[in-house]
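This is what each chain is made of:
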Amino acid sequence: MTEDQTNLKSSEEVEDSNLVSLNDKNTFISPESIGYLAIVVSIVLAVIYLARFSGGFDSEQYLESSGIASKMANLGGSSGGLEGGDPGAFDPIKEGKKIYQTTCMACHQVTGLGMTGAFPPLAESEWVARDPELLARIVLAGLQGPITVKDTEFNSIMAPLGSILNDEQIALALTYVRQEWGNTSGPVDAAVVTEAREQSGERGMWTVEELKSWITD
Amino acid sequence: MSSMESNLTLSGTAAIDRSNKAPFLVYLFSALKWLFFASIFGYLASWKTHNPEFLNSWSFLTVGRVQAVYTAAFVYGFGCNIAFAVSLWLIARLSGTEIRFRLVLIIAAVFWNLALTVGVVGIFMGDLNAFEFLELPSYVGLPLFLSSLIVCVWGIACFKNRSYSEFYASQWFLLAAFLIFPWIQIVAQIMLFVNPVPGVVQALVASWFASNLIWLWFGSIAVAGLYYLIPKLLGTNLLAYGIARRAFLVFVLAGTWMGAARLVGGPFPAWMITSGIVASLLMIIFFVITGINFFGTLWQNRSQIVGNGVLLFASFASLALLISGVGVVLLSLRGVAEVSQFTILLDAHRFLIFYGVFSMTMFSVVYYALPKILGREWPMDFLVSSHFWIAFIGIVMLVVPLTIGGWKQGVAMNDAAVPFSEVVRFSSYWMVARSMAWIFLTMGHLALILNVIGILRPEVETCIEDLTRTETDAVGGVES
Amino acid sequence: MKSFGSLFIVVFVGITASWYFLLVEGVKSLNPSELDTSLQVNGDDVTIIGHEGLAGRGQKVYRELGCVACHTQQVRRPGYGGDFAREWGSRQSVARDYVLQDQVILGSKRLGPDLSNVGSRHEAAWFFAHLNNPSDLSEVTNMPSYPFLFEKREFSGSPSANALVLEGNDTPAEGFEIVPTDDAVALVAYLLSLNLDYDLPESKRIK
Chain A
1 MTEDQTNLKS
11 SEEVEDSNLV
21 SLNDKNTFIS
31 PESIGYLAIV
41 VSIVLAVIYL
51 ARFSGGFDSE
61 QYLESSGIAS
71 KMANLGGSSG
81 GLEGGDPGAF
91 DPIKEGKKIY
101 QTTCMACHQV
111 TGLGMTGAFP
121 PLAESEWVAR
131 DPELLARIVL
141 AGLQGPITVK
151 DTEFNSIMAP
161 LGSILNDEQI
171 ALALTYVRQE
181 WGNTSGPVDA
191 AVVTEAREQS
201 GERGMWTVEE
211 LKSWITD
Chain B
1001 MSSMESNLTL
1011 SGTAAIDRSN
1021 KAPFLVYLFS
1031 ALKWLFFASI
1041 FGYLASWKTH
1051 NPEFLNSWSF
1061 LTVGRVQAVY
1071 TAAFVYGFGC
1081 NIAFAVSLWL
1091 IARLSGTEIR
1101 FRLVLIIAAV
1111 FWNLALTVGV
1121 VGIFMGDLNA
1131 FEFLELPSYV
1141 GLPLFLSSLI
1151 VCVWGIACFK
1161 NRSYSEFYAS
1171 QWFLLAAFLI
1181 FPWIQIVAQI
1191 MLFVNPVPGV
1201 VQALVASWFA
1211 SNLIWLWFGS
1221 IAVAGLYYLI
1231 PKLLGTNLLA
1241 YGIARRAFLV
1251 FVLAGTWMGA
1261 ARLVGGPFPA
1271 WMITSGIVAS
1281 LLMIIFFVIT
1291 GINFFGTLWQ
1301 NRSQIVGNGV
1311 LLFASFASLA
1321 LLISGVGVVL
1331 LSLRGVAEVS
1341 QFTILLDAHR
1351 FLIFYGVFSM
1361 TMFSVVYYAL
1371 PKILGREWPM
1381 DFLVSSHFWI
1391 AFIGIVMLVV
1401 PLTIGGWKQG
1411 VAMNDAAVPF
1421 SEVVRFSSYW
1431 MVARSMAWIF
1441 LTMGHLALIL
1451 NVIGILRPEV
1461 ETCIEDLTRT
1471 ETDAVGGVES
Chain C
2001 MKSFGSLFIV
2011 VFVGITASWY
2021 FLLVEGVKSL
2031 NPSELDTSLQ
2041 VNGDDVTIIG
2051 HEGLAGRGQK
2061 VYRELGCVAC
2071 HTQQVRRPGY
2081 GGDFAREWGS
2091 RQSVARDYVL
2101 QDQVILGSKR
2111 LGPDLSNVGS
2121 RHEAAWFFAH
2131 LNNPSDLSEV
2141 TNMPSYPFLF
2151 EKREFSGSPS
2161 ANALVLEGND
2171 TPAEGFEIVP
2181 TDDAVALVAY
2191 LLSLNLDYDL
2201 PESKRIK
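Chains as they are written, first to last, in our numbering: chain A, 1 to 217; chain B, 1001 to 1480; chain C, 2001 to 2207.
By construction, these hints were calculated from the structure, which means they are not laboratory data. Where is the CB? At the ideal position from N, CA and C, for every residue including glycine. One thing to keep in mind: the hints can contain errors.
Claimed, not checked - Sample of chain C residues lacking proximity to chain B, with all beta carbon distances greater than 12 Å (derived):
#1 2016
#2 2017
#3 2034
#4 2056
#5 2111
#6 2126
#7 2166
#8 2205
Unchecked claim - Short derived list, chain C residues pointing at chain A, Cβ under 10 Å:
#9 2003
#10 2041
#11 2044
Claimed, not checked - Straight line, CA to CA, 30 Å or less: simulated DSSO-like cross-link-like pairs of lysine-lysine:
#12 B:1021 to B:1232
#13 A:71 to C:2060
#14 C:2028 to C:2204
#15 A:94 to C:2028
#16 A:71 to C:2152
#17 C:2204 to C:2109
#18 B:1372 to B:1160
#19 A:94 to C:2002
#20 C:2002 to B:1160
#21 B:1408 to A:71
#22 A:71 to C:2204
#23 C:2207 to A:94
#24 C:2028 to C:2109
#25 C:2109 to B:1408
#26 A:150 to C:2152
#27 C:2028 to A:97
#28 B:1021 to B:1372
#29 A:97 to C:2002
#30 C:2152 to A:97
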């Protein structure tokens, strides 16, 4: 058990001892020189890599070196690419559908039928055919309290979406809804939504009573 | 050798060991308990990756949560507990100091394990986070931090009260670990959960934390253990100890930057990723020097290794350190990462570091230290080498197939002509090897647990004797 | 290393330098005030959205189920890896895409495909069917089914509006329908919101 003390080498002792003699046995390269070589090699590699691939230390530069941008451009058109058709064409119905599916579908469902007793349907709903200004107001500030849709009563909450969607997105979604599932109303322009937003200002959720002036049928 | 050390008698070191018995045993028990739990979940998590429908009807056993439970139990349950046990024992020994106020450490252990249990239950219930090694719910972050802070402060205090004058490599690494572990926890908890940073910086913080946890906490303690055990057991100097200090400097100054390298290709400015890669390149210095010191010295004295259980574990850990160092450097390079990223190859690499380097070193130290602490030998000595060979098979069975399979998976994933379902199909076969490996690893863990129970039997028997003696005495007392 | 003092300084510099120059620097340059979230690119209006409302709840469900164990949400640049060729995204994801999100779930393993742009690849009905039983839709898959995200119940008359339309082995027995729970609806809303189909100055789509 005396090994406990005698084998614990102190650093001074180790540094003082003759390491070279230990290594005479096998090689003329001392372990320390391998260590020094490693230090030199790794510093050289590190410096080279840092110089070549840091993208100028610019936090808006995602490409590590300049040649990459042109290589990427060459990829367009040659590989699978995007799904058919002209990728540049903007399809408002498709865009509106995407927004609907992200934000509205959760409650009004992918079929536009809503959920019985909870969320009103949009399919063939008389509300959807009404004044776009009315619809814009509902989407922007939300709606609460009793509402009758297609002779059925609902009493739920529609969350305000004015801070989540911009005017263009709301217009697209409404346009999509107004031509889907048997609805046959015309598109909604973003300007209408902008005006509705300006005129309503900051407000709480609408009730049907408050919206009476826009219900003209 | 300092004059103080040569004046200490045999009973000095043994007395230090015996006095630190309680904290060591408490942390060791906790570690083994969690090791057993983690082995089960390691196997389950692995099994679910290629048999997805197994036990998936309940939300608490869905594969995402099982993975998180496995990581939490393995890293924080087994890993940290054994790290606490070994680091405290080692720093006390090297300082020649008894640990004072040991009750506080035991209370810290209780709180650590309690918080971890709450955290694991939380994960089952769904309160997990999406960052690797930070899956535990944020509400256990503070108790875990405070418990670990106590251990780290105690360790540093032990060093500051030291009786020996020399300042050996093991102590550098232990102190670095004690200083860094609390800091990275504070940073992670505050920047991710208390006051979350915006957007992708969260992933940057998480990656920084993960890399520093693995290398500067677990890696440090493992390296400290190897620096201690290898010269002591071989009875010879380390080959390149003179330049060990340079390795430490690189480790601490460059090693902390390595985390960003894992994010290559991700939504980060190029310079951040490059900083991680540059740090990994500088770490060549660390891996070469420690490779020479550990693996080199062991190789020169390889005749002594065979038959010595402790040295077998230490040798494997040294080799694993060298190999994982090669991995760190290669896998950080953009060209290699293009293939290896997001594949099971990274699983293999992380496992090699955490199990092959850290856990095997911890087993090595436990097999060395516990007899010294208790003053008796292992009852089943053959189990020590059996544990080693079983673990060896298990680790090789896990790391090699996942490395090969992961590389193939990466190559196939980058080739759009290969349908994704095909990539899934063939990589499943490689993942089966991991499940098989877990069986071996679990058997190894059982061998360790059996040996620990065996070596503690006299204590348990004394306890039982005490209890029964008191009863008969009382009866005797009444009768007389 | 001759003293605790010098060791402390070295360790302090080491860990603090990386914290400050990497993490804090990241916060300073990659936050919403530095990176405009409402901008014009090539004449198009681009609005970066943090997942709000139902999609936000869905992100929570995604996190709570541990989907990150197998899926990533980061597209690597065209030419680096197969992300572009596999049509997982036609441009690299950049920091601005994530800057308004509550908890970023980049992921680090792909046992399943990348999901950054999955909202533009599939429709709601596909997502519901896939979560209910992935092997219905893909012959070879390692994704588990999520039966606890759905309810099987009896109905009389016509099925509910939100019942799943399934085929093959999974069609429920006569008179039964499978209906998504609130969590499933939220999760699908979140997945549908994952979309990279817009340009940014630092990352433009390759057509």
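Structure-based check of all given hints:
1. 2016: violated, 8 Å
2. 2017: violated, 7 Å
3. 2034: violated, 9 Å
4. 2056: Its Cβ never comes within 12 Å of chain B, the nearest being 14 Å, so this holds.
5. 2111: The claim is violated: residue 2111 of chain C sits with its nearest Cβ about 7 Å from chain B, within 12 Å.
6. 2126: The claim stands: residue 2126 of chain C keeps its Cβ more than 12 Å from every Cβ of chain B (closest is about 16 Å).
7. 2166: holds, 17 Å
8. 2205: Residue 2205 of chain C clear of chain B: closest Cβ-Cβ about 15 Å, beyond 12 Å.
9. 2003: violated, 12 Å
10. 2041: Since the shortest Cβ distance to chain A is 14 Å, the answer is violated.
11. 2044: holds, 9 Å
12. B:1021 to B:1232: Holds, at about 21 Å.
13. A:71 to C:2060: Violated. Residue 71 of chain A to residue 2060 of chain C sits at ~38 Å, over the 30 Å cutoff.
14. C:2028 to C:2204: Since the Cα atoms of residue 2028 of chain C and residue 2204 of chain C sit roughly 24 Å apart, the hinted pair holds (cutoff 30 Å).
15. A:94 to C:2028: Distance of about 37 Å is beyond 30 Å: violated.
16. A:71 to C:2152: violated, 52 Å
17. C:2204 to C:2109: Since the Cα atoms of residue 2204 of chain C and residue 2109 of chain C sit roughly 25 Å apart, the hinted pair holds (cutoff 30 Å).
18. B:1372 to B:1160: Distance of about 24 Å is within 30 Å: holds.
19. A:94 to C:2002: violated, 70 Å
20. C:2002 to B:1160: holds, 13 Å
21. B:1408 to A:71: Roughly 25 Å separates the two Cα atoms, so the pair holds.
22. A:71 to C:2204: holds, 14 Å
23. C:2207 to A:94: Holds. Residue 2207 of chain C to residue 94 of chain A sits at ~18 Å (cutoff 30 Å).
24. C:2028 to C:2109: holds, 28 Å
25. C:2109 to B:1408: Since the Cα atoms of residue 2109 of chain C and residue 1408 of chain B sit roughly 15 Å apart, the hinted pair holds (cutoff 30 Å).
26. A:150 to C:2152: holds, 29 Å
27. C:2028 to A:97: This hinted pair is violated, its Cα atoms lying about 37 Å apart.
28. B:1021 to B:1372: Roughly 10 Å between the alpha carbons, so the hint for residue 1021 of chain B and residue 1372 of chain B holds.
29. A:97 to C:2002: violated, 69 Å
30. C:2152 to A:97: Satisfied, since the Cα-Cα distance of roughly 29 Å is no more than 30 Å.
Consistency note: the structure conflicts with the earlier hints numbered 1, 2, 3, 5, 9, 10, 13, 15, 16, 19, 27, 29.
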